[in-house]
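For the protein sequence lines, the chains are A and B, in the order given.
Convert by adding 5 to the 1-based position in the first sequence; the result is the number in this note's numbering.
Convert by adding 5 to the 1-based position in the second sequence; the result is the number in this note's numbering.
Keep in mind that the hints were calculated from the coordinates and are not lab data.
Among the hints, a few may not be true.
[Claimed, not checked] Just the calculated beta-carbon pair ranges, DEER-fashion:
hint, chain 1, residue 1, chain 2, residue 2, range
1, B, E243, A, A293, 27 to 37 angstroms
2, B, D288, A, D8, 40 to 50 angstroms
3, B, M214, A, Y248, 51 to 61 angstroms
4, A, T254, B, D246, 54 to 64 angstroms
5, B, E36, A, R47, 52 to 62 angstroms
6, B, E243, A, R206, 51 to 61 angstroms
7, A, G261, B, P12, 40 to 50 angstroms
8, B, M214, A, M214, 42 to 52 angstroms
9, A, T285, B, E216, 48 to 58 angstroms
10, B, A287, A, T254, 15 to 25 angstroms
These numbers were taken from a predicted model, which means no experiment stands behind them.
The beta carbon of each residue, even a glycine, is placed where N, CA and C say it ideally should be.
Below, each chain spelled out in residue letters.
2 protein chains.
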Amino acid sequence: MHDDLLPAFKRGDQRALARAITRCESGRGEELIHAVFGSAGRARTVGITGPPGVGKSTLVGVLVAHLRRQGKTVGVISVDPSSPFSHGALLGDRIRLTEHYTDPGVFIRSMASRGHLGGVAGATADAATLMDAWGLDVVVIETVGVGQSEIEIAEIADTTVVALQPGSGDSVQVLKAGILEIADVFVVNKRDHPMALQLERELRTMMEMTEFPGWTPPLVPTQAIAGEGVAALWDAIEAHDAYLRTTGTLARKRRGAFEHRVRALALGALAPRVEAAVATIADGDPYAAAHAVLARFGT
Amino acid sequence: MHDDLLPAFKRGDQRALARAITRCESGRGEELIHAVFGSAGRARTVGITGPPGVGKSTLVGVLVAHLRRQGKTVGVISVDPSSPFSHGALLGDRIRLTEHYTDPGVFIRSMASRGHLGGVAGATADAATLMDAWGLDVVVIETVGVGQSEIEIAEIADTTVVALQPGSGDSVQVLKAGILEIADVFVVNKRDHPMALQLERELRTMMEMTEFPGWTPPLVPTQAIAGEGVAALWDAIEAHDAYLRTTGTLARKRRGAFEHRVRALALGALAPRVEAAVATIADGDPYAAAHAVLARFGT
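Assemble the whole structure, with the sequences as input and the hints as a guide.
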């Protein structure tokens with residue numbers, strides 16, 4: 006790394022943070038992560054996931070404002086391609102957060118939804134490490150709840166918030182996607198909606214049927230567009246954080262995140278080598294061929 | 006393999022085929038596949054995929070009847086958990102195929118949708134190899150078009166049929182899932198539906214915007230429940246097969262299927278070893294940790 010990026014990063018230059026994330030995103034961030042990893046671990050990482058249209062970006066916006074009022078610095082990583090954050094917009098005019106564009110205490114970054122080595126989670130985890138090491142207090146990762154990505158984000162965040170909205174059949178989706186297992190906090194956004202209480206009831210019923218070892222996810226009703234419920238949401242995140250810290254769960258959770266990340270990197274590096282080995286094997290019994298491939302990896 | 010399974014399998018015992026598939030499904034099929042692999046390669050494998058409710062199982066049922074009338078023997082592998090085949094039912098009373106239960110020329114098998122080593126595609130490919138080696142002429146693999154599984158099936162089948170239905174927004178889904186790339190034949194089932202012509206038009210428009218190197222997927226309207234269009238469907242599958250054979254594409258496609266299968270087996274065997282290695286690595290820079298893991302695999 007024969008450039009001025011690392012010194013600028015360490016000085017707290019915001020453009021250096023942006024460039025560092027870009028470098029990681031393009032798969033050239035290894036040295037950088039190596040250099041700053043020791044400074045990371047202090048930030049609180051919060052994943053916010055949920056189906057499209059639930060109001061995640063609005064929720065993130067009001068949460069950022071809430072944290073700024075408390076004097077906390079915040080990084081936002083958006084891996085939701087439909088999020089306004091991904092297009093450089095911050096909520097528009099309803100909630101006046103545009104001031105954050107020039108606020109050095111807020112750093113917003115969108116990530117491509119398919120990543121380099123280690124997948125989405127790899128690039129996102131790198132970005133979170135960089136924001137953390139750079140000195141931001143809270144790192145919020147916004148991801149759209151479709152497919153595998155929200156589960157991956159739950160692997161790397163300390164606290165995962167699952168946002169749902171009334172009248173959308175969301176409660177059924179919750180069970181489907183196994184999202185109940187990843188939620189540390191539930192948000193029922195659009196709490197003024199006529200179906201809001203019904204969604205809350207359904208969620209509570211489902212939660213009653215589930216065993217939660219240690220921590221039971223609280224259910225926070227919000228009206229993000231009006232900023233309502235955001236203090237209760239942060240309190241719930243703080244309560245989960247306190248639970249993680251007092252029970253030693255945080256260390257276990259971060260160890261799990263570390264292992265998840267290393268596994269993704271290692272398998273991501275092995276896959277093309279396996280592919281190259283397979284291409285050299287003659288047709289025949291696929292199990293025998295797989296053994297021949299595995300022999301090249303000392304197994 | 007110190008048992009009588011292989012001799013019974015080679016004698017053409019149908020229960021031996023069933024037991025052989027069960028053995029593969031539970032991850033103990035390696036010796037068996039090794040022993041019979043040389044006899045496989047003669048059957049034609051046809052994947053039939055599409056969204057839930059499109060009538061795939063009915064389509065498979067009438068296709069089986071059509072093939073039986075031609076004197077061909079048929080194996081059906083269902084990896085769709087919602088398929089009636091997966092529950093041992095064969096279409097019920099509308100189309101009288103229940104006679105096939107006692108027809109030795111038809112063998113029906115449902116597969117668990119999450120598999121052993123090598124995933125769904127691994128267990129399904131094993132079952133297809135066994136049916137092929139056992140002597141069935143055509144192997145039909147029915148899979149529900151959600152997520153990754155239909156793409157995996159397209160990797161192992163000679164011909165992939167994508168079934169769509171009118172009035173369901175299917176044409177949009179086609180583009181979304183990248184299913185246009187895997188279809189060798191399109192079926193618009195429920196052709197009597199008022200929206201059928203519109204779906205056909207949309208599909209044709211989308212296909213006009215796509216470059217098809219070599220083979221352009223034909224579009225076959227069917228009314229599976231009445232057995233209509235099934236002859237045209239088989240003709241389209243035969244035409245694709247002729248294309249594959251006359252252009253040398255079949256050999257390339259089967260080589261691709263072989264490589265896909267070996268890759269899945271090899272990575273499936275490496276993953277738990279990587280996991281075990283990761284568990285022994287101390288916390289720290291994840292890239293350095295990944296290198297430490299990779300060093301154990303001679304890379």
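Now the hints, each set against the structure:
1. With their beta carbons about 33 angstroms apart, E243(B) and A293(A) fall inside the hinted range of 27 to 37 angstroms.
2. Judged by the Cβ atoms, the range 40 to 50 angstroms given for D288(B) and D8(A) is violated: they are separated by roughly 28 angstroms.
3. For M214(B) paired with Y248(A), a C-beta distance near 53 angstroms keeps the hint of 51 to 61 angstroms intact.
4. For the pair T254(A) and D246(B), the supplied restraint of 54 to 64 angstroms holds, since their beta-carbon distance comes to about 57 angstroms.
5. For the pair E36(B) and R47(A), the supplied restraint of 52 to 62 angstroms holds, since their beta-carbon distance comes to about 54 angstroms.
6. Checked against the hint of 51 to 61 angstroms, the C-beta distance between E243(B) and R206(A) comes to roughly 56 angstroms, which is consistent with it.
7. For the pair G261(A) and P12(B), the supplied restraint of 40 to 50 angstroms holds, since their beta-carbon distance comes to about 49 angstroms.
8. A hinted range of 42 to 52 angstroms holds for the C-beta pair M214(B) and M214(A), which are about 48 angstroms apart.
9. Taking 48 to 58 angstroms as the suggested C-beta distance range, the pair T285(A) and E216(B) does not conform, at roughly 31 angstroms.
10. Taking 15 to 25 angstroms as the suggested C-beta distance range, the pair A287(B) and T254(A) conforms, at roughly 20 angstroms.
The structure does not agree with the numbered hints 2 and 9 stated previously, though it agrees with the rest.
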